[in-house]
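Peer 1: Protein chains in written order, with UniProt numbering: chain A, 1 to 198; chain B, 1 to 198.
Honestly, the hints are just simulated from the structure, not real lab data. It is possible that some hints are incorrect.
Stretch by stretch, here's where chain A covers chain B in the computed footprint (C-beta under 8 Å, at least three residues) [as the list claims (entries may be wrong)]:
no.	region
1	10-24
2	31-40
Output of the computed footprint for chain A on chain B, the stretches with three or more beta carbons under 8 Å from beta carbons of chain A [said to hold, decoys possible]:
no.	region
3	68-76
4	82-92
What you are looking at is a predicted structure, and each value in this text was computed from that prediction instead of being measured. Cβ atoms here follow ideal geometry from the backbone N, Cα and C, with glycine treated the same way.
There are 2 protein chains.
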Amino acid sequence: MSSPLLEQLIDALRVLPGVGQKSAQRMAYHVLERERAGGQRLADALAVAVEKIGHCARCRDFSEDEVCPTCASASRDVHQLCVVETPADRLAIEQATGYRGLYYVLQGRLSPLDGIGPAELGLDRLHARLAEGEVSELIVATNPTVEGEATAHYVGQIARQHNVRPSRLTHGVPLGGELEYVDRGTLSHAFGSRSEMP
Amino acid sequence: MSSPLLEQLIDALRVLPGVGQKSAQRMAYHVLERERAGGQRLADALAVAVEKIGHCARCRDFSEDEVCPTCASASRDVHQLCVVETPADRLAIEQATGYRGLYYVLQGRLSPLDGIGPAELGLDRLHARLAEGEVSELIVATNPTVEGEATAHYVGQIARQHNVRPSRLTHGVPLGGELEYVDRGTLSHAFGSRSEMP
Ligand SMILES: [Zn+2]
Ligand SMILES: [Zn+2]
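Isolated chain A (complex conformation):
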């Protein structure tokens, strides 16, 4: 290659998920040819993010403050707490629904084979949170996978210990989806738990 620094940049870009050698090359060339200012902005944003973004002491989501803006907000409903596996899941719910309660981000799911147990998911802090007595409904929005279901079951038990009502997202055929392309498990479940038409 014509420049060792360029080679280093292409190599470094491969830290990004889904970026192989070819796309890393294309990205590096694109930035150098047409987006130097944007490249500088990205370098700064990355360096600051990596240094300053930690986890919210209340919800464990990413936050640059001790407590994130959502947890600190006076306009959220403190009686509802929604448990999700990842920050991306939290963001998806926030963007798709009108939910105004608070969140709790596990940053994973129970997976004994990978050494991820209740401690790794901060479930001791969830206990403490529910013991505060403010939460009345715990919405368990873990993923509908085997591990996600096991996690949901475990988290639901914690809720009951604190006399908090656990709820779970309805499973079913996605809106706008075609039956033909829905996986068998989902379809079978949706069929079995069909509801009477109004």
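Based on these hints, arrange chain B with the ligands on the given structure of chain A.
Peer 2: Using the frame of chain A, we list chain B with the ligands on its own:
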């Protein structure tokens, strides 16, 4: 979102080609969850690249030095000069073929409607380069597109003005395709069986 710095990072990532809102989110979360050291390395590599990488004074390829390592090398054949549109094309040829001559990177192709003429492609410097008298074969490896062919024709004329033999890659490179994405075997074959320009 739970963190304004995270929002800035996601926004900044969209400077990369092919990266929309969803992939930018996925990239940011991935780096913060699992690759902080890699993220820091990428931030540094980007900042340095954007600041230090300019263009080689001989071949116009990206280079952090006045003259790039290839142009400065004593082991390349100075009698052959290969003209390409982009640094990515130069790299594809270098990786796919055994070519040991030198390169000239146009950083574009003739495109009058976009205001890209001979001056923008540094063709005055190509004239000067051929006038030096060292080059005996000019391998015109522009893309087999309408604009690439027009550029090849124009560059071929320059070669003839200096009594330099212009050659063109053999078909085998798909019409309308871009060199960068041609498989190595095809590119190597097309390069090896290049024919003299009519
Ligand atoms: Zn929070
Ligand atoms: Zn050079």
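Peer 1: With a C-beta cutoff of 8 Å, work out whether three or more residues of the region 31-40 of chain B approach chain A closely enough for the coverage to hold.
Peer 2: Three-residue rule met by the region 31-40 of chain B, so holds; n is 8.
Peer 1: Within the assertion that chain A covers the region 68-76 of chain B, do at least three residues meet a Cβ-to-Cβ distance smaller than 8 Å?
Peer 2: Our answer is that it holds, as 3 residues pass the Cβ test (under 8 Å) against chain A, meeting three.
Peer 1: Count the residues of the region 10-24 of chain B whose Cβ falls closer than 8 Å to any Cβ of chain A, and tell me whether that reaches three.
Peer 2: holds (count 8)
Peer 1: Confirm or reject the coverage of the region 82-92 of chain B by chain A under the rule of 3 or more residues with a beta carbon closer than 8 Å to the chain's beta carbons.
Peer 2: Since 5 is at least three, the answer is holds.
Every hint from the earlier list agrees with this structure, and none is contradicted.
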